[in-house]
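These protein sequence lines are chains A and B, in that order.
FYI, in the numbering used here the residues of the first sequence are 1 to 418.
FYI, in the numbering used here the residues of the second sequence are 1 to 104.
No lab work stands behind these hints, which were simulated from the structure alone.
Don't take every hint at face value.
Residues from chain B that keep clear of chain A, each with C-beta distances beyond 10 Å, as calculated [stated by the list, open to error]:
hint : residue
1    : Pro2
2    : Ile6
3    : Phe18
4    : Trp25
5    : Asp28
6    : Gly38
7    : Ala44
8    : Arg46
9    : Ala54
10   : Tyr56
11   : Gln59
12   : Ile74
13   : Pro84
14   : His101
Derived DSSO-like pairs: lysine-lysine, alpha-carbon spacing no greater than 27 Å straight-line [said to hold, decoys possible]:
hint : chain 1 : residue 1 : chain 2 : residue 2
15   : A       : Lys236    : B       : Lys77
16   : A       : Lys205    : B       : Lys89
17   : B       : Lys99     : B       : Lys85
18   : A       : Lys146    : A       : Lys345
Owing to the predicted nature of the structure, the values given are computational and were not obtained by experimental measurement.
Even glycine gets a Cβ: it sits at the ideal position worked out from N, Cα and C.
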Amino acid sequence: MEVAAMRRLLVLGAGTAGTMVVNKLRRRLARTDWRITVVEPSDTHHYQPGYLLLPFGGYRPEQVVRPTAPLIADGVELVRGEVGRVMADENRVSLSDGRNLPYDYLVIATGVTPRPDQTPGMLDGGHWRKEIFDFYTYDGALALAKALDRFEGGRLVVHITDLPIKCPVAPLEFAFLADAHLRRRGLRDRTDLVYATPLSGAFTKPIASARLGSMLDDRKIVVEPDFLVERVDGTKLVSYDEREIPFDLLVTVPLNMGADFVARSGLGDELNLVPVDRHTLLSRAHDNVFALGDANDIPTSKAGSVAHFAVDVFADNFVAYAAGRPMTGRFDGHANCFVESGDGKALLIDFNYDTEPLPGRYPLPGVGPFRLLTDAAVNHWGKLAFRWMYWNVLLPGRPLPLPAHMSMAGKQAPTDEK
Amino acid sequence: MPVTTIAGRTVHVDDEGFLTVYEEWDPDLAEELAAAIGIGLTDAHRRAIDFLRADYAVQGETATLRRVSTVGGIPTKELFALFPKKPAKKLAYIAGLPKPHGCV
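Isolated chain A, as found in the complex (with noise of 0.2 Å):
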């Protein structure tokens, strides 16, 4: 009998997407056929929206993070590498240990970071983790939560260097959780709290726009829109039209870039992310690499809601495709974000590439338990239980009961009010 070799898919990174990926995966794929590799430089996994709650001492460090080797399927091999670069064309992987990996299939899911030395003055300029934060990163979470602490009132100014970014709306909860915490601390007589962002507005779209710009304006929260920042001098940020915004303290969310790898490997566009189809995540330059998550250039929020939206329609289209077959599942860009408010309150925002957030109730029309655009209890409480959600369903990739794909069901349409 002839037997056919081992077919080998990689994925490289394995943070939200690409762990669901070969979770999904393993699954699916015989194991007499399929070999499932994931290259992963950390040995420890971090559930990145914990960290928002982290500076206001909402979570302790270790519900944040956890090793990533128990997270992994059993049949699926971990290396524990660095990505020196992809040879597309030869479909191999060299890690920057020298190691080489080759590949029928790669799926690229190295997300993005965080990069405060793309400012000059940012990190550069002697202030950075002194009166300049970050919350995107673990040790910045924890070190902002200390410069939380010694706060005494003066300037506190929430940015947002440009977009795309990771969880777009979680600079807007940031400020609001400011200023609550300030009420508490009976300091927010005594700071001026403003938010300085490259949009127009609050948010990227019109009727949540509206609705969280309302919420920043009801607490006094000083927008400074369509501020593109240029550098960081000393203690002022400055734009490019020459506006300058002082601060005693700045908790800025830096430029994102997509992994370096990306770039070394010809693979990238100006933010080393991975163009790909916006409806099957396969790369516009190479048919047998995906880019999944936060790594891509679809033009959704990146965040962990589309990136598990989209690896469900990804898993169904891969077994297909892989077996010769069209792609036939199309991602819509599905998102969805709890937005904490403060005090103890939330709203939830459910969207797609077409259609905005809109008001009324998720997942089941009318009746929810989620209200949608309006800050709501039962919300917040939605935000803490997901972080069990995240480790045990999500995670291991079992099926969530919400479909991948948005539905109007339950929500207002704006031609619905009065």
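Since the structure of chain A is provided, determine the placement of chain B on it from the hints.
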């Protein structure tokens, strides 16, 4: 889809006035669109517009300011001088292209 008349020509636009049909644009129209938002075009403006048009034809998406500077070689500072306050939006408007993502 709304239709409007600019310089005696009928063009398709979205609800914010951005052209929606790539082929309906030409350099003469750009002069009119620029004048409508208070900008007199110079060769420096036209260089940025030409890059945006050419890049869109290949990528299918409007270039971000970062892309215009890193790929098109026009510094962001210059773009803010040429198209004050909201360069990404103004540039796309004059070039007859959709607003870039993240610029809503």
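Unmet hints by their number, sorted upward, for this structure: Structure breaks hints 11, 13, 14.
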